[in-house]
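Enquirer: With the hints as constraints, model all of the structure from the sequences given.
2 protein chains.
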Amino acid sequence: MKKNLGAIPAVYPMPVLMVAAYGENDKVNVMNAAWGMICAMDKIALFIDEDHKTTQNLLKRKAFTVSLADKEHIKPADFFGIASGNTMPDKFEKSGCKAVKSGFVDAPVIEEFPVVMECELAEVVKTESMYCIVGKIVNTAAEETVLSENGKIDAGKLNALIFDQFQNGYYISGEQVGKAWNAGKELMAKN
Amino acid sequence: MKKNLGAIPAVYPMPVLMVAAYGENDKVNVMNAAWGMICAMDKIALFIDEDHKTTQNLLKRKAFTVSLADKEHIKPADFFGIASGNTMPDKFEKSGCKAVKSGFVDAPVIEEFPVVMECELAEVVKTESMYCIVGKIVNTAAEETVLSENGKIDAGKLNALIFDQFQNGYYISGEQVGKAWNAGKELMAKN
Chain A
1 MKKNLGAIPA VYPMPVLMVA AYGENDKVNV MNAAWGMICA MDKIALFIDE
51 DHKTTQNLLK RKAFTVSLAD KEHIKPADFF GIASGNTMPD KFEKSGCKAV
101 KSGFVDAPVI EEFPVVMECE LAEVVKTESM YCIVGKIVNT AAEETVLSEN
151 GKIDAGKLNA LIFDQFQNGY YISGEQVGKA WNAGKELMAK N
Chain B
192 MKKNLGAIPA VYPMPVLMVA AYGENDKVNV MNAAWGMICA MDKIALFIDE
242 DHKTTQNLLK RKAFTVSLAD KEHIKPADFF GIASGNTMPD KFEKSGCKAV
292 KSGFVDAPVI EEFPVVMECE LAEVVKTESM YCIVGKIVNT AAEETVLSEN
342 GKIDAGKLNA LIFDQFQNGY YISGEQVGKA WNAGKELMAK N
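For the protein sequence lines, the chains are A and B, in the order given.
Each residue of the first sequence is one higher than the one before, counting from 1 in my numbering.
Each residue of the second sequence is one higher than the one before, counting from 192 in my numbering.
Among the hints, erroneous ones may be present.
Chain B is nowhere near these chain A residues, computed Cβ spacing over 12 Å in every case [said to hold, decoys possible]:
1. Gly23
2. Asn25
3. Asp26
4. Asp51
5. Lys62
6. Asp106
PhoX-like cross-link-like pairs, simulated, lysine-lysine; straight-line CA separation at most 25 Å [what the hints assert, rightly or not]:
7. B:Lys285 - A:Lys185
8. A:Lys185 - B:Lys266
9. B:Lys218 - B:Lys292
10. B:Lys317 - A:Lys126
Since the hints were derived computationally from the structure, they do not count as laboratory data.
A quick note: this is a predicted structure, and the numbers were derived from the prediction, not measured.
The C-beta atom is built at its ideal place from N, Cα and C for all residues, glycine as well.
Expert: Listed below in structure tokens is the structure:
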């Protein structure tokens, strides 16, 4: 039996995305965002508020990066979600993280996180339902330690954080339980 | 050192969403979608193609449900991503799943999946970057077996599938490694 819980947001899993952009004087700022998803093979949509320092920065520089936070860096990742660049000018320095300029876009790459998408600002979509920043992914880079032998990113090696909005938990992935376009194929043949 | 991989979609984790709607003669159809995310506290955005049978159905009925697939039902969940309602009219029947009509919206609730968001069609957003179906979440319901004692959904009990777009794997959550707005709070006090 299902129990009614009211109108609550119930997508699980959610990612823990680190959105980074340059501000005035090339000052690095980073924010933590869970409400983001791929919206085309080379595009990412971020549902973030317009008043964040990082949003204002990326609108001016027309570029940003999105990294995946991992278990090893849970402290700075969560801190990027607690502290505000609007009220704490030295937010990034306090995190202990380091950044280098992307070789592809006018935005910082945070060295600590294992995977980064380097994005140009593609579009800002404002409707009655959403305020959405869309990035065109120009390049994706990953630490060699999280790659499989086939050269692709290995989700089992990432230790990427998973956000649980039901109870504000951070999880990591457990076991692989199947393959897509495979686990259900026996039903294709049924009858 | 980070290795450049080209412009690939690199959000991880992704959810495994079961989008369901009624077609002609109240025929149930369900599709598997990974590119969806909460876009406001009571709204969900789905980046799905316009030509899917389920998309056409939900546009006509102006309602749909979104369930979270779990490990126990990986076979039908994956099958809903392999088979097309456009070419296999009895897709839902072949899955072995059962559906009941939502008490909140004009759409089917799949009984097997542990969490469901019952949605009215709120908006269709077409831009140069995206084709996006937005649902207003009218109610969320969950099996009592996946609730914590506090009445909230327990991510640790869900066994929700996680989609790995890098290598087409399905994972489930492992251990909880921290709490949001908590894991990084010691950095707030630094200096």
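Enquirer: Next, verify each hint and record whether it holds.
Expert: Hints, one by one, checked against the model:
1. Gly23: Its Cβ never comes within 12 Å of chain B, the nearest being 19 Å, so this holds.
2. Asn25: Label holds. Min Cβ-Cβ 20 Å, cutoff 12 Å.
3. Asp26: holds, 20 Å
4. Asp51: At roughly 15 Å from the nearest Cβ of chain B, Asp51 of chain A sits farther out than 12 Å, so the non-interface label holds.
5. Lys62: holds, 14 Å
6. Asp106: holds, 17 Å
7. B:Lys285 - A:Lys185: Holds, because 11 Å separates the two Cα atoms, which is no more than 25 Å.
8. A:Lys185 - B:Lys266: holds, 8 Å
9. B:Lys218 - B:Lys292: holds, 11 Å
10. B:Lys317 - A:Lys126: holds, 11 Å
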